[in-house]
Amino acid sequence: MKDVELKMLERAKALLESGEVARVIGWKKGEFIYDPAPASFETVDELKDFVYNWFCGANLSKYLIQASKKEGKTAVFLKPCDTYSFNQLVKEHRVKRENIHVIAVECLGKFDVAKIKAQGVSSIVDVEVQNKEVKVKSFGGETVLNKPEILLTKCETCQKTHQVKDEEIILHDRPERDVNRFAEVEKLEAMTPDERFAFWREQLQKCIRCNACRNVCPACSCVKCVFDNPASGIAAKANDDKFEEQLFHIIRAFHVAGRCTDCGECSRVCPQNIPLHLLNRKFIKDIDGLYGEYQAGETDEGKTPLTSYTENDIEPTDAVNGEAK
Amino acid sequence: MQRIGVFICWCGSNIAATVDVKKVAETIKNEPGVVYSENYQYMCSENGQQLIKQAIKEHNLTGIVVGACSPRMHEATFRKAAEEAGLNPYMVEIANIREHCSWIHKDMDEATEKAVILVRTAIAKVKLNAPLQAGESPVIKRALVIGGGIAGIQAALDIADAGFEVDIVEKNATIGGRMAQLDKTFPTLDCSACILTPKMVDCAQHEKIDILSYSEVEEVKGFVGNFNVKIRRKARYVDETKCTGCKICMEKCPSKKGLNTFNMGLNPRPAIHIPFAQAIPNVAVIDPEQCIKLKTGKCGICQKFCGVGAIDYEQKDTFIDREYGAIVVATGFKPIALDNFNEYGYSDNKDVITSLELERLMNAAGPTDGVLLRPSDGKHPKVITFIQCVGSRDTSGCGKPYCSKICCMYTAKHAMLIREKYPDTEVHVFYIDVRTPGKNYDEFYRRAVEQYGVDYIKGMVGKVYNENGKLMVQGSNLIDNEQITIESDLVVLATAIEPEPSVRKVATLLTASIDTNNFLTESHAKLRPVESPTAGVYLAGVCQGPKDIPETVSQASACAAKVIGLLAKDKLKTNPCVAMADENMCNGCSQCANVCAYGAITYVEKEFRLGGGKTEVRRVASVNPAVCQGCGACTVTCPSGAMDLKGFSSKQIMSEVEAICKM
Amino acid sequence: MLKIAKERLNELYAKISESMGLFIPIKKGGEVNYHVWGEGKEVSLETLKTVKSPKNMFFPQTENMMKFKTEGKNIEILEAGIRKQGDELKPFVAFGVKACDYKAIEVLDKVFLAEPVDTFYQARRNATTIVTLACSKPEESCFCGVFGIDATNPQGDVSTWLDEKYLYWQANTEKGETLTSLASELFEKGGETEVEAQKTSTKAVLAQLPFANLDLSRFKPENLNELFDDTRWEEMSEACLGCGTCTFVCPTCQCFDIRDFKTNDGVIRYRCWDSCMYSDFTLMAHGNSRTTQMQRFRQRFMHKLVYYPSQNDGLYSCVGCGRCVNKCPQNLNIVKVIKTLGGKKND
Amino acid sequence: MQDVTTEKKEFTPNIVAFCCNWCSYAGADLAGSSRLSYPANVKIIRVPCSCRVNPTFVLKAFQQGADGVILCGCHPGDCHYVTGNYYTRRRMALLFNFLNYMGIEKERTRVEWVSAAEGQKFSAVMNDFVKTVTELGENKRLTDLRVKEGE
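Chains as they are written, first to last, in numbering that gives the first Met the number 0: chain G, 0 to 324; chain C, 0 to 662; chain L, 0 to 346; chain A, 0 to 150.
Think of the hints as simulated: they come from the structure by calculation, not from any bench.
Just so it is clear, the structure is predicted and the values come from calculations on it, not from any experiment.
Be a bit skeptical, because a hint or two may be false.
Using 35 Å as the maximum straight-line C-alpha spacing, the simulated DSBU-like pairs for lysine-lysine come out as follows [as the list claims (entries may be wrong)]:
hint : chain 1 : residue 1 : chain 2 : residue 2
1    : G       : 241       : A       : 139
2    : L       : 202       : G       : 241
3    : C       : 21        : C       : 241
4    : L       : 26        : G       : 134
5    : L       : 89        : G       : 114
6    : G       : 68        : C       : 650
7    : L       : 343       : G       : 1
8    : G       : 205       : L       : 202
9    : G       : 134       : G       : 186
10   : C       : 255       : C       : 233
11   : C       : 572       : C       : 613
12   : A       : 105       : C       : 21
13   : C       : 572       : G       : 302
14   : C       : 198       : C       : 650
15   : G       : 131       : G       : 114
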């Protein structure tokens, strides 16, 4: 990972120095190893805080909406999953492609510090990864953890590859994986309606309506969200009733249906750890099943499944009764 | 502050018998914003409208709700009344308390309660209505008539006579349609060709009419006053401008075994042919399925003999784009297939024929030169049995549930003509009912019975079977209450008619609605019988419902009158209930344009002021109100809610939802 | 000092619940928050930080203020105050409140109980008996010490300490005594030694924490303008998503919005949490007072570290609970702000 | 036992039907002029096209106390606006599936295609839908309790 970081730093410096780009968007060191924050670097000097490590889970593509409006080109480091969001944003004319220099950067999965802490390791100083083994160094000493157990939820089932790149920094191969990203959705589908309702009730009632899921979501790029717009008739701040919890999450999932790239940021940022990605993934699974495989953000053009149709699409009644899978 | 007036109509007893209209009006008085609430016997009447107008003026109403019949009936009436009283016509909402309430509920309390909710819902909506101004769009002064039968011909002639350009698109090689196949017409027994062919010629010679035969409508875009139509001109392999109709090719063509479709397949015809002697245009056409040259590349005889070099084996389908202000659909009908009616033995016995086949057999220009000879052995039939309602009024699912309307009359005609021409022929008619409403119709039928001695048997036929070369018609005589079997030489089936199948495609292209029997739906059965629900599209002839020639011609002329009325205008008021994008909220994501069927949405780069003196250029949607039809597909696609629909705004609908859910 | 064996705690909860509501950290849907105790609920006193702070009990996420009905020009008030369905507010116990969160209540009191008194908040405060719980396993995001809070010795109506075997119980006020008397038969005497030992060992850990020595010296009213104009706000805030996570998990954030909801029978007027991080916060007829995320970001931290203390005798409205440090989606937080702007010692 | 049955009998569901102006609303008109009855608790909101129906409207109806929501539009292929109902079909198939996934009874939502000529069908559909929702009982999972205050 250190070698990747060095290479990235080298490229960032070169791009800034040559004037090819006006800024580089990447991650900046935090107080600990595990709290890097997205940042924009405009000078070589600022790059002293540049970091790329196992905790750089944040998807940087949404920042490009603003960045691509600024003068000069912006270079950005995009992990495989981030490139789908990037394409989707370009498709929706939210990001000006010509203003962005995409550096595809390798990702072997990112860690969730909460999951490490939950295993009893605190005051983490450094991590060292060897295949599936993660040596976590902390004040308390060194602990060996199993990599799959401390990955961010969004990385657990990730099979994504870079969909767009102007150059790439990939130094290590990512092992091929065979995972079913719909396994959790299928588990819920197999439950009875009562069980499903109970499950979502318990999860959604934790919602504090902080809007983190929405604000981090690259598909939620509205200038003004309907939920912030008093004229929409559904604007709300904190949820006052279980209905509002449902309404917000149903409508949000519907609005991003066919556009959600499954980047998993919603679940990463939820302070209450609501598995929000399971909402969006249901739409993805249904779209795949009912209208043919579709991966949002694979390209930066074309219609989404909800803005297209065929004359013989399944009837809603048949769809809910599981006539087609 | 809103000042809403509410007007509850009794509709005589139509509403008042089940809805306590006075109570509704009283209850509604207490609704916030309502300053006037009244009930009256007939709101749509002159007096009712006067009452509304007066109230608008006296009470300074900002919006009105009329609790009455369906808005599809009188919304326009009440809007006009409001406008005359100085209120914007779009500040009117209708609560449908007749079709959706009084007519379907029996319990007075229940219906009254529902009427109150429906009126409240309309109030909730009207409070959020905004005055709308209709825009204007120009009218292209040219009409398209789809179908060149008698309906299309009549409509085209009337429109053209009024001075407007008309194109007739006919899928067959000639105009004339079904009427051209008929021998004589009821109730006057005049010769069909004698009255039709002059009209066909008129069409051909009319300087305002362009006949596009052997052509089909491929694509329709646009809207009333501004239709853009793509027409496919099918390859006929004969240059229409060169062919003189000399028919030498027909004589020389070696492939003569094609089915003469004009004669209902009763005799063969050559691959290159002119459908019938009086065809318009009088131009040959090659059937590519039958032509040796087109199938194998060898032959080319017709080309050799054609004196004017009209034959062109290389001809391809071509497309032309034309603009029209109005469209008349006159696609006509065909007899149903008899696959479901094995009991009549149609497919097994050559001498069981349909009425239309009989028309050809009796026609002087038909396969037998007008001599009635039966198909099997070419002999004169001595006993002829007619069977009525074959596939009509059939609720079993095999046929059609409706009455085909023309069969009783043409069977009487056939019977009469046969008895006239061949008095030694015995004619029996099995019928369920004889339906003869119409001027001189019943007299006509009675002549068949009384003067010509046709044997009418009330009863159904169980089966027709062949016994030793004789057709045995076994049926019941309900009057005498007995089973009878008639030994016949010829059996004629009064086959039900159905819309020409191509109407489905036409309807889809025109977004005109179709009923369960594939007949095109008129806008209103009584008040707007020749208009389709799609503005600018009119219906003539059997495509709208079974009818005979006099009715078809009347309807075609009525259509023409409507079209002329439309084309006479230079500009049309456009529907102001169109989509509109709020630029401040638009993301410019293009999703709305992806679902717009009309291409009404485009994008512009616009500068917006941000805080602190900063500005930002954003891509935002812009709707062309003249092109937008107001469906609202874009509004749901838009995640930010920037796209809204005037007259059916999200706020209005949500407000209606709130009101309608309250018990 | 009293003590109660851990395995008997359920009896204590049950006893309290007989006459009062008992809010206590409970794991539900995988996360620990304050919920009303009930048989079979998964109590988790060991959890250092509940996701939502205990402020939820006095200043709920949403709260109905009144119900009214309009008919013509008349307004009929159907219900007012915190009563729901005519019930008087039942006394309740807030159990397991950490020292930082307890301090946060003091911060809230200064806002809600100052004139004009927020009677909704007041009623809930009056109805509460607060049982605090000392921290024994602080973690690296904690920095309550910076604000003079002793995590090992929390105040409240009752102070408690928890070790492997016992919960140690010390009533501090009359309310505390009353609560103790409700379940006196469950307690035994003793525990002073254990508690002292725990305090000493925890204090040693606290002193070692990475944020133990944050320098706040620059956050003084006299530096207001200078801090406000600092150019570094721009870069500190650039990754901010404008979500409300920090505000909603914060034990001292106290902003709310008042909204109406139409029912079948009138209108419910209620208030709900609001966040200064939101673009529609304090939306007025002319628009927003703060139009950029930098301004909103600056507002929040200036309020915590400068505006509030300047009006409340230097009391910061941050208590160092570290929730925002853990929960910010993009790892921005008040510590980073303090380190950037707080003073020389931070460098 | 008796209590349960009487309770069930007394429950009359609140049904909101969104009907497109060109086909289904006209179909409902035809049901009316043909005097084909259906229960009074079915109430119709007119929209230009079924594609105007935002999922928000559907949820709003449930919030406001609807026990069932049905969308009616022209038959696919016959849309007055050419393609509107094709979008409706996809949107609602996904939305209804999603509501079902959240544990909300799938029988509470429905899409039916009713042409202007199908008064009979309109009435039959509504009768059937009311029957289905009546059997389901009151909507408790997707409703706002505040709405029913004061009842």
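Hints, one by one, checked against the model:
1. G:241 / A:139: This hinted pair holds, its Cα atoms lying about 11 Å apart.
2. L:202 / G:241: Between residue 202 of chain L and residue 241 of chain G the Cα gap is close to 42 Å, so the pair fails against 35 Å, i.e. violated.
3. C:21 / C:241: Distance ~75 Å between residue 21 of chain C and residue 241 of chain C Cα, so the pair is violated.
4. L:26 / G:134: Roughly 30 Å separates the two Cα atoms, so the pair holds.
5. L:89 / G:114: The hint is violated at about 39 Å.
6. G:68 / C:650: The given pair, whose Cα atoms are some 33 Å apart, holds under the 35 Å limit.
7. L:343 / G:1: Holds, at about 31 Å.
8. G:205 / L:202: Given that 35 Å is the threshold and the Cα spacing comes to 33 Å, the pair holds.
9. G:134 / G:186: holds, 32 Å
10. C:255 / C:233: Judged against 35 Å, a Cα distance of about 22 Å means the pair holds.
11. C:572 / C:613: violated, 41 Å
12. A:105 / C:21: violated, 41 Å
13. C:572 / G:302: holds, 34 Å
14. C:198 / C:650: violated, 56 Å
15. G:131 / G:114: Given pair residue 131 of chain G, residue 114 of chain G holds - Cα atoms ~15 Å apart, limit 35 Å.
When each numbered hint is compared with the structure, violations occur for hints 2, 3, 5, 11, 12, 14.
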